[in-house]
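Please build the complex by placing chain U on the supplied structure of chain S, with the hints as guidance.
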Amino acid sequence: MDTKKIPVIMDVDTGIDDAVAIILALSSPQLDVRGITVVAGNQTLDKTLHNTLSVVDYFGRGDVPVAAGADRPLVKALYADPATHGESGLGTARLPQPAIKPHSLDAVSFLRDTLEKSDEKITLVPVGPLTNIALLLSCYPHVKEKIERIVMMGGGAFEGNMNAVCEFNMFVDPEAAQIVFDSGVDIVMCGLDVTMKSYTTMEDILRLKATGTKAGDFCAEAFGVYYDRYVNNSRLPGCAVHDAVAVTYLLHPEWIRAERANVKLDIDGRETYGQTVCDFRPDRDKTADNALVCLDIDREKFVDLLVKACQYYK
Amino acid sequence: MNKIPLIIDTDFTKDDIIALKMLADSGRYDIKAITCYGEWFVETVALRNDMGLDCPVCWGAMKPLFRPELSENIYGNTSPDIAERVRIEDKDEQYPWDTICTEAEKAEGALEIVTLGPVTNIALTLLRYPQIKPLIKRIFCFAGTGGAGNIAPYSEYNAYADPHGLKMLFDSGIEVVMCGLDAVQHCVMDAEETAQVVAANPQLKPLLAYTMYETERKAAAPSAAAVCCYMHPDAVPKKDFYVAVETGSPLTMGQTVVDRLGKYKRAANVTVVTASCPKIFKDSLKSITI
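Taken in sequence, the protein lines are chains S and U.
Counted from 1, the first sequence has number 281 at position 282 by numbering that gives the first Met the number 0; the numbering is strictly sequential.
Counted from 1, the second sequence has number 174 at position 175 by numbering that gives the first Met the number 0; the numbering is strictly sequential.
This is chain S alone, in the form it adopts within the complex:
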C-alpha cells in the first residue's frame, strides 16, 4: 500500500488524552507529523510543554519539533483543570526528564514558517484551546491557503461539560474559537457529541496494558485517576479519550458519522458563552457551512485502534 502520508501539525495542551492523541498520531504510518505546538489549557503552559516534550521523547520521536505557544487565552484568564488531569497534567504517570528542548521558534512563528515553506497543504490538528491557531489565522492570514483543513477536538452541538452547553476547550478560550470558526478554513469538529462516545472501559484499559509496551503501561497509569473521575462524575462506563478522536478522524473517517453545519461560537451569551452553535437546519444558507460536525463513532473500532497504537511501541 503506497498511500501518501497526510502532513499534520498538532496543537496540544498535554493533558492525559492529548498524550494518547500524540501516541496514536506518532504510531500511524498514515501521518507525517511535521511538528507539535503547545498551548496552555489542561494545565499551565510550563507543564503542558514539559509533558509534550516528555511524551515525544519517551516514545522515541525526539525528531519531531515541539514549539511553545500561548501561555494564556486571548481575553479570559487561564482556567486549567488539575482535578481531571492531575497537578502534573498527566495524572499519576511519571515520565523521564525529556532530553529534547523546545523549538527555537514560538508556536505561531513555527506554524507560519512551516506552512509557508511547505509544498503541500498541511492539516492542523488542535486538541486544546484554540489560542495559537487563532493568533496564526489573525496575524498571518496568508497561510490559510496552505492549510488543508483544521481537524479539531472541541465544542459540542448538543452537549457541554463545563456547563450544559460549553465544552472545556471552548470554555478556556471562546474568543479564539470564534476567530477559528469565522476564519474561512474548513473545519472538522470532533466535539463532545462524538468524544463522549469514545470512551475506554476498565476492560479496554486492561487490553492497552496487556500489550506489554511502554505505551500500554503509560496509558494504564495515566488513565487511573482520570478514569475514576469520569466513572464517578459522568454517566459513562469509562473515560472519554477526547483528543484521540481528532486523530482517529484523520485515520478512519469512515468510522465516524458526521453532518455538515454552519458553526459559530457564542461570545455574547449570559447562559451560552462559549457554546458552539451548530446550525443544522435544512433551510439554512448551506453556502455558509464551515464545518463537518462529528456526532457518532464505532467505539469498538476506536478502542482497537488505541490497542494497535500501543502495540506499535514494542
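Careful: at least some of the hints might be erroneous.
Said to hold, decoys possible - In silico BS3-like pairs for lysine-lysine, Cα to Cα no more than 25 Å straight-line:
#1 U:K264 / S:K75
#2 U:K237 / U:K136
#3 U:K105 / U:K132
#4 U:K262 / S:K196
#5 S:K196 / U:K2
#6 S:K307 / S:K208
#7 S:K196 / U:K264
#8 U:K217 / S:K285
#9 U:K2 / U:K237
#10 U:K262 / U:K238
#11 S:K75 / U:K262
#12 U:K285 / U:K217
Keep in mind the hints are simulated off the structure, nothing from the lab.
Here is chain U on its own, set in the frame of chain S:
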C-alpha cells in the same frame, strides 16, 4: 368530573386555531378566557364566536417585554373563513392581567394556563399581580426547545420573541411545563400521513404549516401538537430540569438551556416534555370539527 378552569394565551397562528378547537372540543376544560398577544384580537374574537364559546377574549401585549417586536411569525397567521364575523362584547374589554388575576382568585388554586405564543401577557400578569402566583396551578407553554431551533439554530420562535418573559415564568416558582419544538417534532407528518389527515378533515388543510425545514412536503401544527401533550399528560414523557433562558446573545437569544446533566447544581424549575404523542395527535386532527 369537574372541568379544569383554563385560560389560553394565543398569538393566533394557524396551529393555534387547531389547538383552541381541540381544547374546546374536548369538553374537559372550563375556558375562562382567551388572551391575545399581538394584533390578532379581532380574528380571535371571531373564532370565539364561531366556536360558540362564551368566555371573554382579552387583548394584551403588542410587543415583547423588552425586545423589539418581530415582523413575521414563523408559524404563520391566517384570517380564517369564519362564518360569524366580529362581535366584540363588553366582556372583551378587560386586559389579560386583570382577567387572569380575577379568574385565579375565583378558581382558588385550580386555574391552569396554556400559552401558545410569546408569553408576554403572562409575564406582565406576574409582574402586575405577583401575589397570585400561588393561585396558578400550572402554566403549560408551547415554547423553547431542548435541541434544535427554528428561528435560530438553537432558538424556538416563541422563546426567541420574548426570552425575558419566558425566563420570568420559569423562575416564578409556579409549576411550569415546557413543551418545546424538540418534543413536537415527533408530530411532524410525512406526505402520506398529511394526506390521510386532510382526507378525513379537509378544513384543516389551510391551517397546517407545510413546513418549515424539510425539502419534501411535510406538515405540522406545532402548538396543537403541544396542546395534545397538555391534554394527555400520561401519554408523554416528562422530566424536571433546571432550564435557563438566554437573554444576552444575538446568536442564541431565547435558547432554553436544559441542564440535563445537572451541571448547574440548581433546583429544577421546569417540567420538560421530552417527547410528544403523534398517534393521539393525528387521531385528534382527523376527528376535530373545524
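Run through the hints listed earlier and report the numbers of any the structure violates, in increasing order.
Hint 5 contradicted; others consistent.
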